[in-house]
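Respectively, the protein sequence lines represent chains A and B. Residue numbers for the first sequence follow my numbering, beginning at 1 and rising by one. Residue numbers for the second sequence follow my numbering, beginning at 448 and rising by one.
These are calculated hints, taken from the structure and not from any lab test. It is possible that some hints are incorrect.
As the list claims (entries may be wrong) - So the derived list for chain B, only partly shown, Cβ under 7 angstroms to chain A, looks like this:
hint	residue
1	500
2	514
3	561
4	700
5	703
6	704
7	711
8	716
9	731
10	743
11	746
12	749
What the hints assert, rightly or not - Cut-off 20 angstroms, straight-line C-alpha distance, at most; resulting in silico cross-link-like pairs (EDC-like, lysine to aspartate or glutamate):
hint	chain 1	residue 1	chain 2	residue 2
13	A	63	B	747
14	A	63	B	752
15	B	884	B	607
16	B	743	A	393
17	A	9	A	159
18	B	743	A	392
19	A	257	B	549
20	A	378	A	399
21	B	743	B	768
22	A	63	B	749
Glycine residues also receive a C-beta, built at the ideal position from the N, C-alpha and C atoms.
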Amino acid sequence: MKIEAPILKKELLDGMVSFRFTIGVILMIVSAAICIYVRFHEYDQRLNSYHLTLATQQAFLEKYAHANRLRAVFQAHVPPRRMSLLLRELTPNLDLMQTLEDDPADLFPPSFDFQWLVGILGSLLAIVLAYDVISGERERGTLALISSNSVSLTRIVIEKWLGGNLLTVFPLVLVVLLTSIYIHLNPRVNWVVEDWVAWLLIAIIYAIYLSVFFTLGLLISCSMRRSSVSILTLSLLWVLAVVFIPSLGLPLSKVMKRIPPPEVVAQQLRTIEQERESAVRARINELIRSGLSAEQARWSSEVISKPYWTKAMRLRQDYERQLADQRRLARWISAFSPTFCMIQATSELAGIGASSVDHLTRSIDEWNRLVDDLVQRKIQSLQVANPSFGPDDFIDVSDIPRFIYREQPLSSRWDAAVTYIGLLLLYETGLLVLALLLSRRIDVRPD
Amino acid sequence: MHERWGAWSLAKQVMQRVILKGKRVRRRMFRELILKEMRDNVRSSKFLLASLAIILLVIASFHTMRADYQRRLARFSSANQNPSDVSIPPNPLSIFVKGRDELIGRSFRYSPTRGIFGPNPMEDHGVGFISTPDLLFVITVVMTLVALFFSFDLISGEREAGTLQLVLSNAISRDVVILGKTLAALVCILIPFIGSVLLEVILLMGDTSVPLSLPHLGRLGLLLLVSVSLISCFLLLGTCASIVFSRSATSLTALLFLWAVLVFGIPNLSPLVAERLVGVPSRDFLLQRRSQVWVKQVVEREWAERRGDEYSRRRVQEMWESIVSENRRLFEDHQRKLDRLVHYTDYVSMLSPVGCYQVVATSLMGVGPRDYADLKRALARYYYGRAIDASEENTAPFSYHRRALRAGFDEGAVTGLGVLLVMNVLLFLIAYTLFLKADVRRV
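Put together the whole structure using the sequences plus the hints.
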């Protein structure tokens, strides 16, 4: 069966030879090349820094691993996530307190990555290709000519939508292919099958995102009589959707859902710690009076600390829960923007989104518990073998497993991303339906 | 001789009259041109749409940022203070340009294991392409875009309509045409912007919870002046494109892509380029080093005591001093690298007028990376300079003052402002040269 789609063909041919398409494709390819170059260097730097941190920790532990102060220097270190070489990784710094040693990423938050490439350049190309799809034909008087044949306006709009989408997605396909070849050939990057599947899904989400902006352009072009007004309206809508609304979520959520400031929580935690210290001190004095040595007394008084630690943990958990609620609200406000949905969905699929930070926190907590347990057992066995073993003695931790970060399985990443993908599809369908409804009322006569 | 002198004086008088008349005519034409352009702009639907968008965004930005400032101020007031804590109030100018104020306006304390620390601002980085919807956003994103919309067809539009030849057939030079059209567009853009900003500032001055003083208003005035320079830069860029491209649609397409590169591309790329030049150690590595400094000293002391070495009060004091000095060394080394990173980032971002403007604006408002670095140095002086066993009451009080206006303009900001002004002059010269060689006939 041969499908006759003359308007689609015309749209594709006209679009491919147009100046805006050529300049858009060139700009996307050049930006992608720069993006890959700088991000690979950054990824390499982070990987080297991770290995250096591990080596320094190992060397230190071999000499200064003391039972009492082990956990201050035996900590989990996280390597850069594999897909962070294409998409900017969120710094997993969720501590209540932050030292003055900032990461450069904290000082200069926005970055230059694939989110930028598709989120800014790609969406701009989409609206530039779409703003005069209908209004331009009407201004030139060709819309009346086309509709004088036995072609309905709905069909014209659908074929133009299809043709425009193919044109918009073309530079994306090119960029994704070139990047994939580069990643495949680079020996420093070891992507597994799961990563390639995630990359494919991310590319599909990018295509849906670009289509949302093309459909928005089509809708505005159907509703405006003049292309100049159409492009101005679209540009302002673009600013709202791409830049303004995503940044509005966090400040608005902080005002709408107030939580105690971290200073207050930190002060409460300090008070609990002070109470614990004085209780432990009193217990030690009591034990010393009853005839135990200072070291034994210090060792035996550890039990006193447990209820205080539980109280502090509850307080911290309560604060983290409230903070998570506030962030959820911020995400829902920002989800009015398709750009935010695209960023969230792709970040989740790449394993660098909010759910991956939760996954990381859980993994570190599990490892901490395991290490605490193993160290405790080791100390007990050492005490049995040598009763004079104390908290200031050296403890060999070479047989205790180091933290190894295992990325979230793809199914969990998909679960975290699916809401945002659904929202993107909803925007796309809604805009297309509106455009089709408007197409029935288009006045085809030129001005 | 006398006759010759009389003829010369007559000729001179005639010449003077002709020149004066020419000047008067040119001045009148210039005025007419500006008024005509302004009338055309004000009547156009783009003026209505742009004004509506600017006013709504300025209002939304002010209200969001004021609520954000008040929340941070309440947090500052409620912070329970220890004598050794240092608390910095939020900057009222952060309502206009937030910059690094979330990092500056918080409370800090010191511990030998962690160094100097403060509450994590917990900003959800990575949610979008800008971090805050402040006035900086309105100016760098919205106003620059509006400027392009008012200039992309300044010349090409007239050429398409066939009116450019008519305009130039009058006694009016080409530089005056460019200047007049650009000035008219600038005035039209500035009316809704300055109007809505002034209205919001008046409302803010009536709000007692926002302590806006006269120096603050002076800084804001300067910010608006620099903003005019940024907007005119984009207007001239649009004018250049409208001369180069014969069709307005082509000019607009090229300008939109260029705008994306200048507003989002170069400023976002600059930290990554700077990081390539300066290797800053990761936070993880530094925190580990700090813990190791403390553990090493304490463990070595315990070893010595086991060996029977008496750790006198003086040696304990020396041990703590050594921890503090090592912490200080780590801080200074890291800060030096961060300073270089900021320096290079600024200079790379100055390839774009928006990058120049961001450097000048954050510096002017006292919320730039250099202001944050100043605070960090003051904190290091205060905490690392203190005697270990001195009681809290005897220590020197913490002193940190935000940069004075002149000092704020000493470093990158002066260069940024200079580059922005040079860009304006260069773009005008380019536009004039291009226009001299342009074909004014209808396409």
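Which of the stated hints cannot be reconciled with the structure, identified by number in ascending sequence? none
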